[in-house]
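Work out the full structure: start from the sequences and follow the hints.
Protein sequences, first through last, are from chains A and B.
Under the numbering used here, the residue at position 262 of the first sequence is numbered 739, and the numbers go up by one with no gaps.
Under the numbering used here, the residue at position 12 of the second sequence is numbered 489, and the numbers go up by one with no gaps.
Please note that the accuracy of each hint is not assured.
To be verified - Cross-link-like lysine to any residue pairs, in silico, SDA-like; alpha carbons within 20 Å at most:
no.	chain 1	residue 1	chain 2	residue 2
1	B	Lys541	A	Arg870
2	B	Lys523	A	Gly628
3	B	Lys665	A	Leu654
4	A	Lys479	B	Gly628
5	A	Lys665	B	Leu654
6	B	Lys479	A	Asp739
7	B	Lys479	A	Asp735
8	A	Lys505	A	Asp553
9	A	Lys835	A	Gly863
10	A	Lys563	A	Gln485
11	A	Lys479	B	Glu626
12	A	Lys540	A	Gln526
13	B	Lys482	A	Tyr623
14	A	Lys479	B	Arg625
15	A	Lys541	B	Lys482
16	A	Lys835	A	Thr847
17	A	Lys569	A	Ala537
18	A	Lys523	B	Gly628
19	A	Lys479	B	Glu738
20	B	Lys482	A	Lys479
21	B	Lys665	A	Phe658
22	B	Lys885	A	Asp936
Note that these hints are calculated values from the structure, not bench results.
There are 2 protein chains.
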Amino acid sequence: MKRIKILQLINSEKVLDDVLIKGWIRTKRDSKNFSFIEINDGSCLKNMQVVVDENLPSYADLKKVTTGSAIAVSGDLVPSKGSGQKWEVLAKSIEIISLAPDTYPLQKKRHSDEFLRSIAHLRPRTNKYGSIFRIRSELSWAVHNYFRERGFRYIHTPIITGSDCEGAGELFRVTTLTPPFPTTPDEKIDFSTDFFGAESNLTVSGQLSAEMFALSLGDVYTFGPTFRAENSNTSRHVAEFWMIEPEMAFCDLIENMDLGEDLIKFLITFVLDNCSQDIDLFARFVDKQLISTLKNIVSSEFERIPYKKAVDILLRSNKSFTYPISHGLDLQSEHERYLAEQFFKKPIVIYDYPKTIKPFYMRMNEDDETVAAMDILVPRIGELIGGSQREERLDVLENRMDLLGLPKESYWWYLDSRRYGSAPHSGFGMGFERLLMLITGVTNIRDVVPFPRTPGNIDF
Amino acid sequence: MKRIKILQLINSEKVLDDVLIKGWIRTKRDSKNFSFIEINDGSCLKNMQVVVDENLPSYADLKKVTTGSAIAVSGDLVPSKGSGQKWEVLAKSIEIISLAPDTYPLQKKRHSDEFLRSIAHLRPRTNKYGSIFRIRSELSWAVHNYFRERGFRYIHTPIITGSDCEGAGELFRVTTLTPPFPTTPDEKIDFSTDFFGAESNLTVSGQLSAEMFALSLGDVYTFGPTFRAENSNTSRHVAEFWMIEPEMAFCDLIENMDLGEDLIKFLITFVLDNCSQDIDLFARFVDKQLISTLKNIVSSEFERIPYKKAVDILLRSNKSFTYPISHGLDLQSEHERYLAEQFFKKPIVIYDYPKTIKPFYMRMNEDDETVAAMDILVPRIGELIGGSQREERLDVLENRMDLLGLPKESYWWYLDSRRYGSAPHSGFGMGFERLLMLITGVTNIRDVVPFPRTPGNIDF
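So this is what it looks like as structure tokens:
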């Protein structure tokens with residue numbers, strides 16, 4: 478007999494004879510003549526209650542089973558006599574697959590997130606983390622679904638790369654060299670003998686590669702891991718995270734904002750519609766305002782303001798920020814959150830940032846002072862999306878690279894795309910984990926990643 | 478006016494007034510009173526033919542446009558008078574977005590794959606590579622679609638890892654250390670001062686992590702980049718490739734084979750049904766037998782034979798192989814292809830391999846000599862899937878690790894899963910690029926990857 482998942486049984490429309498379920502025991506309680514076992518198989522948040530009659534041959538064996546043990550139960554799905562569930566399984570036979578000794582760390586009690594991080598290999602067996610990772614899976618699906626339905630092509634841009642898209646320099650090096658390292662005359666590592674024959678790093682963004690494909694296939698997107706070797710031990714930073722980066726040919730900054738706003742609303746709506754049971758757990762135990770926050774985002778028209786106006790608002794706010802703000806400075810998370818949470822009370826799009834605080838590839842505006850950048854900020858998270866229209870004019874781009882001292886010869890292929898049939902194009906990056914934090918109300922990024930990577934932490 | 482994609486126009490059921498298309502010129506030909514321009518926007522293989530009347534105000538400007546130039550055309554979609562296309566666009570106005578100088582490398586002629594690899598940033602603008610990357614995108618979608626419909630959860634397992642799943646040792650190291658390197662007393666690099674506080678590598682497989690999630694959520698899969706620092710310059714190896722790894726709780730070796738066979742058939746069928754235009758290009762120009770090869774795979778029942786029998790067949794074949802074969806040796810690509818292509822003439826599943834040639838985590842069979850491994854081999858590719866039932870018995874697994882000299886303390890978390898509610902489970906890995914080669918008939922793996930990474934090559 479093939480096992481049936483608990484999710485299917487929970488949603489059953491009718492009684493079912495002879496079903497086989499397999500899963501892990503959450504709790505067991507003995508009453509006169511009966512035992513009640515709650516089984517979870519990970520297919521959904523809910524457990525299936527199994528009722529075992531003392532006359533069942535294997536009833537004696539059940540004495541030893543413990544929380545965390547794996548068992549198989551065959552029996553009939555019948556309406557539950559108890560409250561709290563529609564169905565229960567009346568056991569006809571039980572097989573103990575394996576026991577969990579009572580050292581099992583996930584006994585029935587509340588555990589701290591810190592403790593559960595130290596057993597990241599077991600935490601998806603808890604209600605909270607099971608829900609997080611089911612939502613993560615559905616949200617990934619929703620991303621692909623959104624783009625495919627709109628004619629975007631999914632591109633696997635390289636993870637190992639020789640270029641630094643953002644110029645931020647916080648790179649992980651990828652190497653097969655072992656000591657003693659070959660050196661150049663000036664005492665640096667001689668990368669010509671390394672695997673790729675040149676210094677190689679983990680990507681910080683697939684954008685430059687995605688642009689090449691946008692200028693070939695039209696609308697494309699990436700969805701893959703990106704890396705920052707930033708030595709920050711905050712609740713908002715991990716060294717390895719997933720990013721979604723659409724890139725659209727013949728698309729300007731306004732259409733870019735439109736897509737970002739539409740995408741966020743689509744994804745939130747998708748999760749509310751498709752993961753209601755799991756989301757409900759977060760609305761009850763993690764953030765009581767969760768549903769209203771999310772519905773507010775979906776129903777509001779995002780406020781769109783130029784950077785200049787955003788700074789004016791911050792200056793007039795009379796708030797004392799940890800980082801002072803003035804025209805020309807980049808916005809910090811506290812500024813972003815003030816604008817989205819307190820001032821506008823909804824998501825905002827800030828555009829036309831000073832060229833001095835943005836990377837080389839953004840399109841120069843007429844004023845020669847600002848670039849066609851746009852960031853989307855949401856309550857509780859701050860920046861969720863960062864994007865821009867790209868500089869498609871070869872001469873303007875080359876001038877800008879010269880001014881910034883970028884080695885044009887390393888970007889020969891990138892410049893080629895402006896040399897041959899260049900076209901206006903735009904795109905953005907959205908941090909997948911930040912979106913997941915927004916949607917679940919979870920406040921530490923380490924808790925929405927299966928096995929988070931942070932400074933000093935490579936366990937599992 | 479919003480641009481409309483050529484794919485949509487090609488599939489139009491009726492004439493359309495005032496459409497706007499944007500794309501790149503493939504060819505232009507002038508006839509008396511008219512010019513014909515073929516435009517491609519990457520949304521599909523086919524071009525849209527644009528007819529420009531000499532009386533159009535911008536007709537004179539058209540004299541200068543060249544292959545590769547980007548233009549916008551507005552006009553009416555009307556039935557084509559020419560043969561070869563159903564529709565054409567009668568131009569009402571034309572805007573030249575940008576020209577491509579005649580140094581543009583993709584002039585209308587046949588280019589070698591080797592040459593196109595050297596301009597990997599431009600090759601998706603060609604028919605062949607546009608088709609490859611559209612198929613790659615659809616195939617990715619099909620993978621997610623397959624698993625989601627069957628209740629699998631998508632897990633993002635870590636890319637940077639401290640463990641070596643396969644024990645093959647062909648690892649890329651990930652580091653932020655710079656010279657002079659801190660050393661330990663025995664003159665090795667002191668990784669305690671590195672970013673993660675320990676030696677860290679790029680993953681070769683997400684399996685061990687995925688197992689933790691299978692034993693929590695039931696059925697899961699990964700689909701992400703994996704890495705091998707193998708110094709092989711062959712048409713079958715790249716250093717960075719994407720892998721699909723399902724992992725199923727309460728699943729044995731037979732069910733594992735069933736899933737692998739079903740998945741391959743589903744994916745081929747999906748691409749034949751959904752990418753017929755792009756696939757047709759490969760069937761015409763790359764491999765005349767392509768469609769029959771693919772249909773044969775879909776319609777055949779995969780032959781399932783134990784390793785022992787496979788070796789017997791090879792020994793009896795009287796073929797002279799480059800690598801000799803005998804009982805106990807691993808199969809080489811030439812052996813796999815002989816079995817699939819010449820002997821059985823269809824995909825085969827080989828199972829129960831000697832324990833000596835398989836990794837530590839595979840489940841020991843009763844004979845104590847073989848393990849519950851299974852590989853699926855297909856014509857033209859050889860091994861497409863490699864999998865096993867995993868050893869779920871703690872004592873057997875620990876014995877095996879001791880025998881192989883593996884440091885059990887590094888695998889404490891992995892062993893935990895056998896300590897607490899262990900359960901039979903199985904899974905496999907499928908190389909995404911190999912599947913793409915099978916489906917397109919493309920024989921060099923570098924040609925199905927957007928920007929391939931190989932020894933000495935980190936361009937783009």
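_Numbers of the earlier hints that this structure fails to satisfy, in rising order_ = As far as the earlier hints go, 15, 20 are violated by this structure, in ascending order.
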